[in-house]
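Take the given structure of chain A and dock chain B to it, following the hints.
The listed protein sequences derive, respectively, from chains A and B.
Under my numbering, the first residue of the first sequence carries the number 413, and numbering increases by one thereafter.
Under my numbering, the first residue of the second sequence carries the number 413, and numbering increases by one thereafter.
A hint or two may mislead.
No copy is singled out in the list; a pair is fine if it fits within one copy or between any two copies.
Only pairs whose alpha carbons sit at most 25 Å apart, straight line, appear in this in silico DMTMM-like list of lysine to aspartate or glutamate [said to hold, decoys possible]:
#1 Lys-475 with Asp-433
#2 Lys-587 with Asp-481
#3 Lys-475 with Glu-655
#4 Lys-475 with Asp-583
#5 Lys-475 with Glu-436
#6 Lys-490 with Glu-454
#7 Lys-587 with Glu-655
It is worth saying that the hints were derived from the structure and are not from the lab.
These are the residues of each chain, in order.
There are 2 protein chains.
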Amino acid sequence: METEESSFVSGRTRIFGIVGDPIEQARSPEMFSAEFVRRGLEALMIPIHVLPGDFAACIAQLKRVQNLDGLVFTVPYKQAAIGLADTLGPQARTVGAINALVRQPDGVWMGDMFDGLGCVAAFQWRCYPLLDQRLTLIGAGGAGSAIGVALAHESPRSIRLHDRDQARADDLAAKIRSINPAIEVTTGEPLISDIDVLLNASPVGMLSDPRMPVDISAISPDVIVFDAIVKPERTHLLALAQERGCRTITGREMMRGQMFRLADFFSGRAT
Amino acid sequence: METEESSFVSGRTRIFGIVGDPIEQARSPEMFSAEFVRRGLEALMIPIHVLPGDFAACIAQLKRVQNLDGLVFTVPYKQAAIGLADTLGPQARTVGAINALVRQPDGVWMGDMFDGLGCVAAFQWRCYPLLDQRLTLIGAGGAGSAIGVALAHESPRSIRLHDRDQARADDLAAKIRSINPAIEVTTGEPLISDIDVLLNASPVGMLSDPRMPVDISAISPDVIVFDAIVKPERTHLLALAQERGCRTITGREMMRGQMFRLADFFSGRAT
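So that you can see chain A by itself, here it is in the shape it has in the complex:
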């Protein structure tokens, strides 16, 4: 029975899961499982399809499975998951949400938020600096808050925040100031002049939405433009930025960056 194709799972395999509803579209099982193989770990990420009414009770019991060491949460569970963590990591404490749980060596389940760290990792991957840069961030919801908090740790010179809901923008501004008081944080209409980086973390432009989160017809080709949207990979914002001569970073790159940081989290390395 020792066949080549069966070598990816055994009784010793440590299990990780991605929890969502639906789950068929999730690419994390293949991405993480391949990354675990590359790291020489006997581990696997499986899809776990949980219905909303079952969420709390089901995750509580999954945490009791002794060879299940970590969970990633996707739609619609990013907000509810924080209640299942025994302790919170540094990102989650500020953002107020988690998208992953890991069993620590002492058995305590730590939750943390990796959406923003993935964005920062994508900039690092491209060797695009954030230190001392002037940023505009559009969107201060779930993704925007996570990205804003992660950016705050990178010591940019300034962050201009825009959200349709001014109270959300003010709330994120206060979080960023609490992390790093040296950053010049302002809120209001999105600025595209006298900046180095433009980041979109709003849902404007997702799927077949033809709108732009901001008018960039006058943007300088020196500005780096990031869009957190994964589908489509090349949003209208990124397409127009490229036409204008800007360098761009996609939501897919953020996902990949997040996966590496999560794999570190799951394999017990510091985040």
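For chain B alone, kept in the frame of chain A given last:
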């Protein structure tokens, strides 16, 4: 991220699990996962390590996971698992225990017992007949009951049952008669003369146990000798039977037979 090594799991993968404590020694994850691949199914069997105090609550929630379609139970859960089935298959109804649960298309969880079917499958695999044969079965506990019930459906001419606990032997004799009244069933000391098949389903001879379940120094070389014990694969009983010129079937072959029957069960084929 489309790497060769990641093709074994995706968001669409259907999950099966083997539940036990401990679980590291289980060979089902690799055996079943390889068999699912051979059958062209997008499915995987994972090890699930559940502690006794968590068993009932944890399995109840695992049954709620929408892409988890089946569970196999190993030590120490073969007895407790029957309480988790919504309905019972034909073997389980007579044996009174299950070692597997499957989600049926209507969402109802059916439990059945495959230990005995694996033994019968091993005889079929070797083309050794059971029809009209004279059998001696030693052991009427969990494994012995499952094997006795499965044998009863194969219409042997006679079954001689032996167990250290005479009440257990009588109980199994009654079950066999209820299934197939044409079989001549007797209980008492294990007979090795005037038989065609000797089956050991007692734990005598397991691991480093030097004992024999029955004295076979006078056995005929025409008798087929089966031992349900998996470790060691070649028990003292089987070793001596081979010396006497008998054909033998191992517990490992029963496991393999059981795996094929379980894979049928899991892929929705009739048992």
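Hint check:
1. Taking the closest pair of Cα atoms, Lys-475 and Asp-433 come within 25 Å of each other both inside a single copy (19 Å) and across two copies (16 Å).
2. Taking identical chains as interchangeable, the C-alpha atoms of Lys-587 and Asp-481 are never at most 25 Å apart, the minima being 31 Å within one chain and 44 Å between chains.
3. For a Cα distance limit of 25 Å, the shortest separation of Lys-475 from Glu-655 qualifies neither inside one copy, at 48 Å, nor across copies, at 52 Å.
4. For the identical chains of this complex, Lys-475 and Asp-583 are neighbours neither inside a copy (33 Å) nor across copies (41 Å), given an alpha-carbon limit of 25 Å.
5. For the homomeric pair Lys-475 and Glu-436, the shortest alpha-carbon distances inside one copy (22 Å) and between copies (18 Å) are both at most 25 Å.
6. For the homomeric pair Lys-490 and Glu-454, neither the shortest alpha-carbon distance inside one copy (27 Å) nor that between copies (27 Å) is at most 25 Å.
7. For a Cα distance limit of 25 Å, the shortest separation of Lys-587 from Glu-655 qualifies neither inside one copy, at 35 Å, nor across copies, at 80 Å.
Hints 2, 3, 4, 6, 7 from the earlier list are contradicted by this structure; the remaining hints agree with it.
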